[in-house]
Structure formats: structure tokens, C-alpha cells
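J.: Chain A is fixed; fit chain B onto it per the hints.
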Amino acid sequence: MTTSVGVPAAADGDRAIVPDSAPVRRGRLHALGRISRRHPLGAFGAFVLLTIVVVAVGAPYIAPFDPIEGDTAALFSPPSSTYWLGTDAFGRDILSRLIYGARVSLMVGLGASLLGVVVGASLGIVAGYRGGWADIITQRVMDAMFAFPMLLLALAMAAVLGPSLQNVIIALAMPIVPRAARIARSSVLVLKATAFIEAARATGCSDLRIMVRHVLPNTFAPLLIIATAYLGLAVVQEAALDYLGAGIQEPEPSWGLMMSGAATSLALVAPWIVIFPGLAIFLMVLASNLLGDAIRDLLDPKLQRDYP
Amino acid sequence: MNTVVAQSLLQIRNLKKYFSIRGGVFSREKARVHAVDDVSFEIMKGETLGLVGESGCGKSTTGRAILRLIEPTSGEVWFQGENVTKLDKRSMRHLRKEIQMIFQDPYSSLDPRMTVSSIIGEALLVHGLTPGRKAREQRVVELLETVGLSSEHMGRYPHEFSGGQRQRIGIARALAVNPKLIVCDEAVSALDVSVQAQVVNLLEDLQEKFGLTYLFIAHDLSVVEHISTRVAVMYLGKIVELAPAKELYVNPRHPYAEALLSAVPVPDPTAKRERIILEGDVPSPVNPPSGCRFHTRCALRVPSCSQNEQVLTEVSPGHWVACQVRTGAVAA
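As you go down the protein sequences, you meet chains A and B in turn. All residue numbers for the first sequence refer to this note's numbering, where the first residue is 1 and numbers rise by one. All residue numbers for the second sequence refer to this note's numbering, where the first residue is 1001 and numbers rise by one.
Worth double-checking, as some hints may not be accurate.
[Stated by the list, open to error] Calculated pairs, DMTMM-like style, for lysine to aspartate or glutamate (alpha carbon to alpha carbon, straight line, at most 20 Å): (1) K1086(B) x E1042(B); (2) K302(A) x D1105(B); (3) K1045(B) x E1160(B); (4) K1097(B) x E1082(B); (5) K302(A) x E1160(B); (6) K192(A) x D1105(B); (7) K1097(B) x D207(A); (8) K192(A) x E1160(B); (9) K1209(B) x E1047(B); (10) K1272(B) x E1258(B); (11) K1089(B) x D207(A); (12) K1180(B) x E1076(B); (13) K302(A) x E1152(B).
Everything labelled a hint here was simulated from the structure, so no lab data went into it.
One chain only, chain A, in its complex shape:
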């Protein structure tokens, strides 16, 4: 090393070596790592969901067999080295059908629960915040929707709209709407009486701003729970719609469809036909619940702590 002559301490020099963007990127990755350590279950949930997404998107490249064309020489084949998760009554590879089926199930599950909660929460928040006639009318409509069993309402919607993926999502979102609206409205009624909402009005915020910036974030926790809880239900009910001919049609694969219909009667003879799609649904629901809980905690400033 050369002897430094009156060179100031290294602090400035150090910083100059690292490119400008590096600390930011490292900081973000670092933060992600920190969050994962604090919410290992949430990180697990995120990982599982992400895996399902990747599998669904990359289905043609990942699936070992065609999901629709079966191998007639291998009907009811139990899990083996060729068919890892076995085959069904038509000799179709369960694993490949699961991989392709992830597309429908993921879209239906996420789509229906998000759509239902977003629409329901918006209605509930506006009704609760506005009060008066808007509230009364919204509530009565929600009551009417409550009167139908969830599946019946979805079925009626699906029957009216006709079978397609998009319509299945809308149909399954329908029964979630009044449930989300109720919960959002009751949170709003509590919030409306709090001083910080009054303070926001005194500040000069518009009603829209108050609803979006003050009411919504404070009703987030129950809404997130509703969303994750109904995600699983939507996936299962999609199967019921399929079975009743109002949803995805055979031979297109979906997790719900794989578990329903004739498959159930074969559960004792060839249990792998229903067990694996059941496990897949279970894993997705579990993952979304875990991730939902972690997101709720992350969004609550009171649960934040500064980690060095």
C-alpha cells in the first residue's frame, strides 16, 4: 500500500466505489429477506402461490403429458414412474391435468374472490359512509342476495350468463358481494364515528378521498380475511358449477372438476384421482390464507417494528 498523504478518511471514497443504484436494490432485497424472516408462514404462502402461477403459465412446457388425450392402455394406473400421480378413468395423466387445471382454478379462485370483495367492499363502504337512502337500498339488495344459498345464486348467474371462464368468475363472485358488503359496512359505521374521520372532513377532504384514503385502509384487515376465505370456496364451488354443466366442461381440466362427478365414486378404487386435486386445492387455500395474514400484519403500522 502506498502511504497516503493527507487523504481524508475512507468514508467518502467507499461510497464512490458502489454504483448509485446498488444500495437501493440491495436495500429492497434486504427488506424482502427481513419480511420473510419475520413472517415465515407468509413467505411460504407467497412461495406456494407463486409456484402455482409459474406452473399455470408454463403448463405446456412443464406438463409431461397431454391433459386431454389419454393413454387407453393405462386406465386407472396408480402412481408410477411414468405417471407420477397416476391416471384417471380415461388414462389421462393426473399430474398433467393438475398442471393445466391450475390455470382455471387459479383464475377462478383469485378472480372471483377479488371481484366479489372489491365490488362488495365498495358498495358497503359507500352505503355505510353515505347512510340514508343509499344505505337502505343497498342493504335491501344485499339482503335479497343473502336469501339465496351461495351455490344457487352462483348457478343462477352462470345459467343466465352462459358457460365461459369469465362468466364463472362473475357468477362465483356474486355470492361474495353481499358478505363483503356487510362486513365493510359494519367497519365503516364504527370508523365514521371516530375523530380522525371528522378531522379529515375538517381538513377539507372530499368524501371520495375520505373513503379511499381513510376508511378503506382501516377496513382492510377484515376484507383481506374474507377474500382469502372465499378464495378456497370459489375453487370448490367452481367444481360444482362444472358438474352442473354451468362452468368449465370436460375434458378441459380444472381442480374442482377433477374431484367431482364420476371421480368421487371411484375414490375407493382409485383414490389418487381425487386425492391429488384435493391436495392441490388445500395447498392453494392454505397458501392464500397464510399470505393474507402476513399482508394484514404488514399493513398494520402498529405491528411494525424496526429491525436493525
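T.: Chain B only, in chain A's frame:
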């Protein structure tokens, strides 16, 4: 003689607020709570008007009605020559730049999901007072420093602060838009005594610095005496006495004000004072007594007190009392 003619900033004329109690079939109105019943007063530029009274006497309702956080049943509020009660929604939001409020509970009056920076910056954003994020943050820092906090507090959430600090945040939020009038609704009541003093001093400093006018609503009489230029005493939705602070505390004329002030503790254990203990409870504002609201508990009452509506009458310059006995309109 006063050489400086005080300029009036806010006038309240015959303000009334009744709350309906509904019930039965079709939610018919069953009764009315007379929260504020025909109140008129004026606030001068640069002064602090104290508004005192027991809980439930309508002082907070008065403050809220001025900002139209509660729509008054009738009456007018004039601010700088503008009839506030007649403004449409948009102009009203615009006017909120001029009149701000500091709330009683420093815990519930700050949105728990927002950072200090966005709480204070919200008013700036809503009224478009600062161009861009940078300018807004600069102004927030400035405001934080004004109220005795610092820029390092910007990214924090309300729950990370003590009650006194939170109230400073609330004050910074009110100051953000450079208001002319601030309604302090029990602004220090929820704080510890030592913190109360700090916040009261801060309010006084800010008044001097920015030429603010306060409507200081409180039930703590010593705090009000300290901060106020004039004080109005309310009882059951009506103002019973209005006088310069010093005058009122030395020479209260209304029997209710007298009793109220005799209840102020004196920090001298040897001091002997006569305490006026009122009999009975405050009557229900659903069914207030006729005539003078106070006649049911008044030691000075004469038969006509239960019939004659009392009006504020000037007994000495600037000192108004609503008592027919004390003003000499009726012989005791």
C-alpha cells in the same frame, strides 16, 4: 377608552342545533335534544375566546357547527363577511382552509394507518397549496419544527408518539393551511397537567407568531382563564355570561358562572373560600326548563324567572349577563 377598534372575524347569530330522537313506527321524531339553543357571539381578530361549561352544555356542538361538521338546525355563522351556513359543499371545503380545528382526543384524531408526514401533508395536498411532493415535505418539516417536533418524526406512525406529541401533530395539521381561526375543542383536556402547560404555551406562541384567533372550548376553568381574552359561559345550550377573562374570574355576575368559578381549586391549602354548591342535577336538554334555563337550581330566582326568556344584557363595558335579577330588570 380603547383606541384600537377590534375587528370582528366570526359572528354567530342565533345558532341552534337540535338533535332528533327518533323511534317507533317510521322513525318519527319523538323528542329533541336542545344541544345549542339560540347562541350568538362574536370573535375578534387575534383574540382567544374561551367557551366553558359542563359536559353536555353544547360547547363542542357549537364548535362543530361553526365548521359545519354538524349542520346547524338554524342560525347563521358569518366568517369575514361570508355566510358560512349558506355555502355549498365546494365553497365550504374551500373555506376549511381558513377555519381549522384541534381535537380533544389526540389518540383517535390521527389516522392510525397514515404517517405523520401524510397526516400533516394531507391538508396541503387537498388544497393544492404546495406544488409537488418535495415542496410538501419541506413544508411538513417546517410545520413539525414549528410545533417542537423534528423531521425525523415524518415517517413515523401516530402510535409511536406520546399524547402530548400527538397533540402537537394535530396542531401542525391545523396550522398547515395557514388558517385564521382555530377551534380548539378541549385541545388539552386529555393531556397530563405538565404536558397541558406545554401545549397551552405552544398555542400562545403560535398565536403571537401567526396572528391566530382561537375559539378555546374547555371545561378546565384555570386553563381557560390563562389563555383567554374573553370567556363565554354556557349552560344547557345557552350562553349565560360573556365577559373579558379577568373580569369574569374576579367578578362573575350570573349565579351559574359564580357557582362554576367557585369550584375552581385554589393551589393554597390555607385559603378559605366559600364554595357555592348547586342543588340537583343539570336538567335534561331534551326538556329544558322554561324561561331561564337555570331557574330550577338558582338561589336568586324570583317567580318570573320560569317565564321570562333571559337575554344577554351588558352590565359593564364588554360584560354581558343573561340574568334578569342581576341586571336589575326585575327586583330580587
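J.: Would you mind marking each hint as holding or not holding in the structure?
T.: These are the hints, each one checked on the structure:
1. K1086(B) x E1042(B): The given pair, whose Cα atoms are some 18 Å apart, holds under the 20 Å limit.
2. K302(A) x D1105(B): 18 Å, holds
3. K1045(B) x E1160(B): Violated - the C-alpha atoms of E1160(B) and K1045(B) are around 36 Å apart, more than 20 Å.
4. K1097(B) x E1082(B): Distance ~14 Å between K1097(B) and E1082(B) Cα, so the pair holds.
5. K302(A) x E1160(B): Judged against 20 Å, a Cα distance of about 8 Å means the pair holds.
6. K192(A) x D1105(B): 15 Å, holds
7. K1097(B) x D207(A): This hinted pair holds, its Cα atoms lying about 17 Å apart.
8. K192(A) x E1160(B): Violated: K192(A) and E1160(B) sit about 23 Å apart, past 20 Å.
9. K1209(B) x E1047(B): 13 Å, holds
10. K1272(B) x E1258(B): 16 Å, holds
11. K1089(B) x D207(A): Answer holds: K1089(B) to D207(A) is near 10 Å, not above 20 Å.
12. K1180(B) x E1076(B): Status holds; Cα separation ~19 Å.
13. K302(A) x E1152(B): 18 Å, holds
Figure legend: structure checked against the earlier numbered hints; hints not met, in rising order: 3, 8.
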